[in-house]
Amino acid sequence: MTTKLPTGTEWDVNTLQAYDDAIATIAKNYRLDTFPIQLEIISSEQMMDAYSTIGMPLAYNHWSFGKQFVNVEKFYRRGLMGLAYEIVINANPCIAYLLEENSLVMQATVIAHACYGHNAFFKNNYLFKTWTNPDAIIDYLLFAKNYIAECERKYGMNEVEELLDSCHAIMNYGVDRYRRPQQLTLQEEKARQKAREAYLQSQVNELWRTIPDDPNKAKFTTTDEQFPPEPEENLLYFIEKNAPRLEPWQREIVRIVRKIAQYFYPQRQTKLMNEGWATFWHYTIINTLYEQKQVDDTFMFEFMHNHTNLMHQLPFDDPSCQGLNPYTLGFNIFNDIKRICTAPTEEDKHWFPELAGSDWVETIHFAMENYKDDSFVGQYLSPKVIRDMKLFVLLDDDKQEDLIVEAIHNDQGYQTIRDTLAKTYNLSYSEPDIQVTRVNIHSDRALTLTHQQHDRRPLDESDCNEVLQHIHTLWQFPVHLETTDEADTLINTVSYPRPRDESTET
Amino acid sequence: MTQFIDRRKNHKHKSTVNRQRFIQRYKKQIKHAVASAVGKRSITNIEGGETVTIAEKEITEPTFHYRQGGKRHIILPGNKEFTPGDHIKRPPNVSKGAGSTASNKGEGMDEFSFELSKEEFLDLFFDDLELPNLIRTRLGETPSFISRRAGYTTYGIPPNISVIRSMRNALARRIAFGNKYKKQLARIQAELEELLTTDNDDSPEAKRLIEEAQALEHKLTSIPFIDEVDIRYKNRTKQLAPTTQAVMFCIMDVSGSMDEKKKEIAKRFFILLYLFLTRNYEKIELVFIRHHTTAKEVDEEEFFYSRETGGTVVSSALEETKRIMQERYSSPDWNIYIAQASDGDNWNADSPHCQELLCNNIMPLVQYFAYVEILPRHHQSLWRAYIGVKELFKNFAMRNINNVQSIYPVLHELFKRKMS
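Protein sequence lines correspond, in order, to chains A and B. Add 55 to the 1-based position in the first sequence for the working numbering, that's all there is to it. Add 141 to the 1-based position in the second sequence for the working numbering, that's all there is to it.
The shape of chain A in the complex, shown without the other chains (with noise of 0.2 angstroms):
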């Protein structure tokens, strides 16, 4: 195909489509599977707008969006921040903002990187595939929204929103890891929603009821009794099924939040591989259309003025670096996969045996399909790479002087360095482990959580206080946290409210 695609900076609808066509067609020969695509222009504002609501196309009213609104739009208004130049909604049909300010090379580049690049990781990576599910998010959202809506009309806007507030200090902990749940659809949630609220309540009367009703059943309600049976690492949906007091509306809510959570947990996983996909893919695109003579220099000359400072990677000393660019790290892997595939060298035949001259479609199809961040720098991090950016360990230990350099790009430090990093991906590794591990059920009904220390690594302590006391807000019985380190030795006990006799112990 040699049909020259429109040039200039200028864009409609129909030179938009133009290249939609032309884009998708390459795709497609790059097996990219991905959802029906839904492309919508808007404006500036509209895409603060959609910035402040984190992503979600239809959100419920809260003040903390608004909180994100007005930042944007200060960091905006001075020119100290570009809008993203596009916003992409894992759903099904997949939603990608364009924003109109965009020129057209921008808006190619959009589309290549966001409708055909994230559009097919989600429609393919494992993670989304078996956690969300974008036939009925849009759905769900709406249905959130209006249901909040009417708790507030209901039951006043203060009590809503404290009531989000304490959910949303412990959403990250709002997830189940390994859980899949299920999958369902707006008319079945509001149907199931009446019935759940009935027997939730029961579940829950039958947890704390103080009677027991059978004699013979006595010997279950001593105190050796262990509730939960097993640690919940879900704290939102341990609240939900179990605090004592909260009305139904209140656990639909925390549910609400829940599901919300749950839906970005894989969003959170593939941070770089995302990125690093989609820039890797219109990178690939915009050039195969160069290759084909369907765009001319003065198009590719800012598309790689526009690559280049997306992949721009500040070295650590530079004052204003933020750690790795996810688009460069990313890209950089993906890009590299393919040159082991086509062009192995040595090395690459003694690091990758299974990739080096392997068909590179099918190998980063795969790669993108069957990992998450930490797995993906753990099988896919090369040499190379390493060397490229100049990687390097620094060890942060508070019992030295130093920072102390552990491994940089040599023969002897390419494989701690793979390992460090994938380590530092996991989202395990950046977010304190805590779970619910004990209820007094049978007194005061004070729920326990423990904190499983890594690395001697401290919680924040003001920030924990307070998060404390929102989980006070929801289970509305004392709440402790324990610290134990890695010899399951307990350290420190964190309680709200404060025990009185505190000033007295120390």
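The set of hints was computed from the structure by calculation and includes no laboratory data. Note that the structure is predicted; figures quoted are calculated from it, not measured. Warning: the hint list may mix true and false statements.
Here are the simulated EDC-like cross-link-like pairs (lysine to aspartate or glutamate), alpha carbons at most 16 angstroms apart as the crow flies [stated by the list, open to error]:
{"hint": "1", "chain 1": "B", "residue 1": "K150", "chain 2": "A", "residue 2": "D67"}
{"hint": "2", "chain 1": "B", "residue 1": "K212", "chain 2": "A", "residue 2": "E461"}
{"hint": "3", "chain 1": "B", "residue 1": "K212", "chain 2": "A", "residue 2": "D453"}
{"hint": "4", "chain 1": "B", "residue 1": "K198", "chain 2": "A", "residue 2": "E516"}
{"hint": "5", "chain 1": "B", "residue 1": "K172", "chain 2": "B", "residue 2": "D269"}
{"hint": "6", "chain 1": "B", "residue 1": "K324", "chain 2": "B", "residue 2": "E353"}
{"hint": "7", "chain 1": "B", "residue 1": "K212", "chain 2": "A", "residue 2": "E541"}
{"hint": "8", "chain 1": "A", "residue 1": "K296", "chain 2": "A", "residue 2": "E252"}
{"hint": "9", "chain 1": "A", "residue 1": "K445", "chain 2": "B", "residue 2": "E222"}
{"hint": "10", "chain 1": "B", "residue 1": "K463", "chain 2": "B", "residue 2": "E438"}
{"hint": "11", "chain 1": "B", "residue 1": "K150", "chain 2": "A", "residue 2": "E95"}
{"hint": "12", "chain 1": "B", "residue 1": "K212", "chain 2": "A", "residue 2": "D451"}
{"hint": "13", "chain 1": "A", "residue 1": "K129", "chain 2": "B", "residue 2": "E197"}
{"hint": "14", "chain 1": "A", "residue 1": "K445", "chain 2": "A", "residue 2": "D373"}
{"hint": "15", "chain 1": "B", "residue 1": "K221", "chain 2": "A", "residue 2": "D443"}
{"hint": "16", "chain 1": "B", "residue 1": "K230", "chain 2": "A", "residue 2": "E456"}
{"hint": "17", "chain 1": "B", "residue 1": "K230", "chain 2": "A", "residue 2": "D457"}
{"hint": "18", "chain 1": "A", "residue 1": "K393", "chain 2": "A", "residue 2": "D414"}
{"hint": "19", "chain 1": "A", "residue 1": "K478", "chain 2": "A", "residue 2": "D488"}
{"hint": "20", "chain 1": "B", "residue 1": "K212", "chain 2": "A", "residue 2": "D510"}
{"hint": "21", "chain 1": "B", "residue 1": "K150", "chain 2": "A", "residue 2": "E155"}
{"hint": "22", "chain 1": "B", "residue 1": "K172", "chain 2": "B", "residue 2": "E260"}
{"hint": "23", "chain 1": "B", "residue 1": "K230", "chain 2": "A", "residue 2": "D452"}
{"hint": "24", "chain 1": "B", "residue 1": "K230", "chain 2": "A", "residue 2": "D372"}
{"hint": "25", "chain 1": "B", "residue 1": "K212", "chain 2": "A", "residue 2": "E456"}
{"hint": "26", "chain 1": "B", "residue 1": "K230", "chain 2": "A", "residue 2": "D453"}
To be clear about the criterion: a stretch of chain B counts as covered by chain A if any three or more of its residues have a C-beta under 8 angstroms from a C-beta of chain A, and this derived list gives those stretches [unchecked claim]:
{"hint": "27", "stretch": "160 to 174"}
{"hint": "28", "stretch": "192 to 206"}
Not the full set, but computed from the structure, chain A residues with beta-carbon under 8 angstroms of chain B [stated by the list, open to error]:
{"hint": "29", "residue": "L71"}
{"hint": "30", "residue": "I96"}
{"hint": "31", "residue": "S98"}
{"hint": "32", "residue": "P148"}
{"hint": "33", "residue": "A462"}
{"hint": "34", "residue": "L476"}
{"hint": "35", "residue": "P487"}
Note that beta-carbon positions come from the ideal geometry of N, C-alpha and C, so glycine has one too.
The hints should help you fit chain B onto chain A, whose structure is shown.
Quick look at chain B alone, frame taken from chain A:
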């Protein structure tokens, strides 16, 4: 298959609700910032947006997260000179680790600042203010109406035609009536084409089809583009509006003792009052009076910007007020308000006269009288005379303004909304 949707025409302010909730939640902090902002502004741009700053700490949403400390690995790009085993000094801004003392000091005092729009600013600024004792009066014989939009009707006058509605109806009607013929026409044309591949157009069958097609085309063209029944008019209804008639007399001392600084404060006070009144009350009359030894009714422009000066006789202004009240606002339907600003400097013999004027002629007729004294060195005869008035009338209020910053609190005190 890609679907393109142009959303630019859609409603923009999806986040407005959330923004308002945010402002509502931090109203106390924001109002504080707003009040202190006014003192810093120049008179000409007192009306406008404002950058408001709140301490970051107050609005963070807490989560469980790590702080500095313990053991962790960091991967960084761009190594230039390090080899394994190198020791690097910790950068100074990183707090050094264990112990709870380090953590609090490690946190920066970040601030969260953002822009309030002009509307938001003034809303917050005049929040809770109102004219006291305002009585809604209906002027006996001539009730006033407000005309409000209320949907569409099928009759009306040509200027009220809603073009969009009418064209939409016309389009619907044309589709409804025309589709049947269009389908028939398409079928006949298809038949004709098929026929013409074998036959020539002289055959009776072809002729019949051509005639039929022409008949249908005629029918199609005779469907009117727009018809009487399509037309819709914008409807308006009249609603009875309760009227309030209020007048505010602004009296400012511009005598020689009022130096630039005092005048500036007085002007600021009146500008704020003026903004508040014009913003919150749709219909309010304002009378501006400035005085030194003689008083003069002036317009807004002259009131705020003219530079006349002289000695001080306060009663001249009160006389003028009395005169205008009698001439123009004598009907009991008027709510009369007076705000007076002065530095308290008066010709001593005049003060008793002021007191007399107020007690006998003015106070019985007004809803509220607010007196502010600007930067008094010590209170003089006028203040003492006014205290006498205050004892007699509940609707008389007096305050000191000691500096630019206290203008807003004083205004706020004087016009605070009272819970009924």
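A quick look at each hint next to the structure:
Using a Cα cut-off of 16 angstroms, the hinted pair B:K150 and A:D67 holds, with the two alpha carbons roughly 15 angstroms apart. With a C-alpha separation of about 13 angstroms, the suggested pair B:K212 and A:E461 falls inside the 16 angstroms cut-off, and the hint holds. A hinted pair counts as satisfied when its Cα atoms are at most 16 angstroms apart, and B:K212 with A:D453 qualifies at roughly 6 angstroms. Taking the CA atoms of B:K198 and A:E516, the gap is near 14 angstroms; set against the 16 angstroms cutoff, the hint holds.
Of the supplied pair hints, the one linking B:K172 and B:D269 holds, its CA atoms being roughly 12 angstroms apart against a limit of 16 angstroms. The hinted pair formed by B:K324 and B:E353 meets the criterion: a straight-line CA distance of about 13 angstroms does not exceed 16 angstroms. Proposed proximity of B:K212 and A:E541 is supported: the alpha carbons are some 13 angstroms apart, at most 16 angstroms. At roughly 11 angstroms between alpha-carbon atoms, A:K296 and A:E252 fall within 16 angstroms of each other, so this suggested pair holds.
Straight-line distance between C-alpha atoms of A:K445 and B:E222 comes to about 10 angstroms, which keeps the hinted pair within the 16 angstroms bound. Between the alpha carbons of B:K463 and B:E438 the distance comes to roughly 12 angstroms, so the proposed pair stays at or under 16 angstroms and holds. Simply put, B:K150 and A:E95 have alpha-carbon atoms about 11 angstroms apart, close enough for the 16 angstroms limit, and the pair holds. Between the alpha carbons of B:K212 and A:D451 the distance comes to roughly 6 angstroms, so the proposed pair stays at or under 16 angstroms and holds.
With a C-alpha separation of about 15 angstroms, the suggested pairing of A:K129 with B:E197 holds against the 16 angstroms cut-off. Restraint check for A:K445 and A:D373: satisfied, since their Cα atoms lie roughly 14 angstroms apart, inside the 16 angstroms limit. Distance restraint check for B:K221 and A:D443: the Cα-Cα separation of roughly 12 angstroms lies within the 16 angstroms cut-off, and the hinted pair is therefore satisfied. Simply put, B:K230 and A:E456 have alpha-carbon atoms about 8 angstroms apart, close enough for the 16 angstroms limit, and the pair holds.
A distance of roughly 5 angstroms separates the Cα atoms of B:K230 and A:D457; the hinted pair therefore holds under the 16 angstroms criterion. Between A:K393 and A:D414 the CA atoms are separated by roughly 9 angstroms; this keeps the pair inside 16 angstroms, and the hint holds. Of the pairs offered as hints, the one joining A:K478 and A:D488 holds, with about 15 angstroms between alpha carbons and a cut-off of 16 angstroms not exceeded. In summary, the hint linking B:K212 to A:D510 is supported, as the alpha carbons are separated by about 5 angstroms, within the 16 angstroms threshold.
With a C-alpha separation of about 12 angstroms, the suggested pair B:K150 and A:E155 falls inside the 16 angstroms cut-off, and the hint holds. The hinted pair formed by B:K172 and B:E260 meets the criterion: a straight-line CA distance of about 14 angstroms does not exceed 16 angstroms. With a CA separation close to 12 angstroms, the supplied pair B:K230 and A:D452 stays within the 16 angstroms bound. Distance check on the hinted pair: B:K230 and A:D372 sit about 13 angstroms apart at the alpha-carbon level, within 16 angstroms; holds.
A hinted pair counts as satisfied when its Cα atoms are at most 16 angstroms apart, and B:K212 with A:E456 qualifies at roughly 12 angstroms. A C-alpha spacing of about 12 angstroms is found between B:K230 and A:D453, which places the hinted pair at or below 16 angstroms, so the restraint holds. Here the stretch 160 to 174 of chain B counts 7 residues with a CB under 8 angstroms from a CB of chain A, which clears the bar of 3, and the coverage holds. Only residues whose beta carbon comes within less than 8 angstroms of a beta carbon in chain A count, and the stretch 192 to 206 of chain B has 7; three or more means the coverage holds.
Nearest Cβ of chain B to the Cβ of A:L71: about 6 angstroms, under the 8 angstroms cut. The hint holds. Interface hint status for A:I96: upheld, as the beta-carbon distance to the closest one in chain B is roughly 5 angstroms, under 8 angstroms. Checking A:S98 against chain B by beta carbon gives a least distance of about 5 angstroms; that is within 8 angstroms, so the hint holds. Taken as an interface hint, A:P148 checks out: its beta carbon lies about 7 angstroms from the nearest beta carbon of chain B, inside 8 angstroms.
Hint status for A:A462: holds, given a least beta-carbon distance of 6 angstroms to chain B, under 8 angstroms. Interface hint at A:L476: satisfied, since its Cβ lies 5 angstroms from the closest Cβ of chain B, which is below the 8 angstroms cut-off. Below 8 angstroms, beta-carbon pairs count as interface contacts, and A:P487 has one with chain B at about 5 angstroms; its hint therefore holds.
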